[in-house]
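Novice: Please build the complex by placing chain B on the supplied structure of chain A, with the hints as guidance.
Protein chains: 2
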Amino acid sequence: MQRYFVPRDNWENDQVYIHGDDAHHISKVMRFKINDKVICNHPNGQAAICTITSFDTNLIKLAVIEWLNEQVELPFQITIAQGLPKGDKLDFILQKGTELGAHSFIPFQAQRSIVKWDKKKTEKKLNRFDKIVKEASEQSHRNKIPIIQDIMAISDLVHESRNYDVKLFAYEEEAKVDHEHSFGTLVSNLKEGQRVLVCIGPEGGFSTNEVDLLKKNNFTAVRLGPRILRTETAALYVLASISYHFEELRC
Amino acid sequence: MQRYFVPRDNWENDQVYIHGDDAHHISKVMRFKINDKVICNHPNGQAAICTITSFDTNLIKLAVIEWLNEQVELPFQITIAQGLPKGDKLDFILQKGTELGAHSFIPFQAQRSIVKWDKKKTEKKLNRFDKIVKEASEQSHRNKIPIIQDIMAISDLVHESRNYDVKLFAYEEEAKVDHEHSFGTLVSNLKEGQRVLVCIGPEGGFSTNEVDLLKKNNFTAVRLGPRILRTETAALYVLASISYHFEELRC
Chain A
1 MQRYFVPRDN
11 WENDQVYIHG
21 DDAHHISKVM
31 RFKINDKVIC
41 NHPNGQAAIC
51 TITSFDTNLI
61 KLAVIEWLNE
71 QVELPFQITI
81 AQGLPKGDKL
91 DFILQKGTEL
101 GAHSFIPFQA
111 QRSIVKWDKK
121 KTEKKLNRFD
131 KIVKEASEQS
141 HRNKIPIIQD
151 IMAISDLVHE
161 SRNYDVKLFA
171 YEEEAKVDHE
181 HSFGTLVSNL
191 KEGQRVLVCI
201 GPEGGFSTNE
211 VDLLKKNNFT
221 AVRLGPRILR
231 TETAALYVLA
241 SISYHFEELR
251 C
Chain B
1001 MQRYFVPRDN
1011 WENDQVYIHG
1021 DDAHHISKVM
1031 RFKINDKVIC
1041 NHPNGQAAIC
1051 TITSFDTNLI
1061 KLAVIEWLNE
1071 QVELPFQITI
1081 AQGLPKGDKL
1091 DFILQKGTEL
1101 GAHSFIPFQA
1111 QRSIVKWDKK
1121 KTEKKLNRFD
1131 KIVKEASEQS
1141 HRNKIPIIQD
1151 IMAISDLVHE
1161 SRNYDVKLFA
1171 YEEEAKVDHE
1181 HSFGTLVSNL
1191 KEGQRVLVCI
1201 GPEGGFSTNE
1211 VDLLKKNNFT
1221 AVRLGPRILR
1231 TETAALYVLA
1241 SISYHFEELR
1251 C
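So the sequences go chain by chain: A and B. The end of the first sequence is residue 251 by the numbering used here, with every number in the run present. The end of the second sequence is residue 1251 by the numbering used here, with every number in the run present.
If we strip away everything but chain A, and leave its shape as in the complex, we get (with noise of 0.2 Å):
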């Protein structure tokens, strides 16, 4: 069944409202009628049932028929902090990454990092970046959309990580790859609601700079199985591994 994203504001009791591209997306592009059935996702994280019960121009009024009780989000917050890649690899990893169930993105700037993006670029980006992860919720049935942080420095990534329990870099060169300290280990101990950032470097990986910074900051190195990964392959391994772990191989 089709799935919406609507804000807080839109929601007024057992009435959910609908505008804007959405709307036109119900109307012109799937063609709904009245009473039609869609899901609307409120930004809680819940999930209904809806009837489409009148057409506007730029308005759709529905009414919920059934709260669901889905369970689609990983049991805990997974944050992929990405060193800016070359051309659209940041599209791919934000989509990719929303299918495999990430809570947020941290896009920073790191000393590797070919681009650099001024004030300009990011607005234009981040609306573009926010349209991603609404659609690839919205098509993988996911009950949040990801959150995407405005792009920061090192240093600015290194003090917001004081708000996470456990703290990744993916850094082969110096990964402990013996039971006790592999990335497997780290994944098992993890615990139900914990707050997870995982760092990725750019193309060219981290500068001894950035080694010792996110070292010192208590971020412990993991390897991502022994094959080198290309930057925008990092992420996914990371998630599709969290998710194996918890979803399917314990389930």
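Below, computed lysine to aspartate or glutamate pairings styled on DMTMM-like, alpha-carbon distance capped at 25 Å:
id, chain 1, residue 1, chain 2, residue 2
1, B, Lys1089, A, Asp88
2, A, Lys125, B, Asp1088
3, A, Lys89, B, Glu1135
4, A, Lys134, B, Glu1172
For the record, the hints were derived by calculation from the structure and aren't laboratory data.
Specialist: Leaving out everything else, chain B in the frame of chain A:
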């Protein structure tokens, strides 16, 4: 260290000969000089550090210095059978699947595949695909280049599947998610050296006929986490999960 896959015929005792695109890459792109070192991969899966001993316009000679003892290949042969997807998604699946350790790929014409490939288109595509997996193998430091089989009909795929020990298909509608039959349990039960075939539908998924055919031929339906993955993300989930399980969780 830069890595090149060198055909069997170009090895002679401890001498290695490189010509064509790779010779151009060595001399013009990387601008290597005499005595510089690269890694050469033999088709048997072994790799050696080699030093450049002479340059000619189209032929570079190297001498083996040291054979490496690398363990970068998954302990199973994972084959991804991918229903033909739209656009350049197959390029993406081949590149990322190679990084994540796939042994081979079988593109197949599914009932709901929107694209149809004729013979001419297929030949052109296969050249391009060979290049993608070769470059991804070099970049990810693999010792084997995945095999790309000719595109086939699903009936041929079913015939081909007799050569495999474990046969799965991504189909959350019928996948059993109790612990005993979950994807995690199926992965846990893999034995070293087994040949595993994982069949993934195109954007529209498998048709009812295809599902019946696969089930009749002992393919097991699996779910890949509780979120709905796009077709191009499914193979990556499978490969990342298997790598995580055997290379990181148990290492």
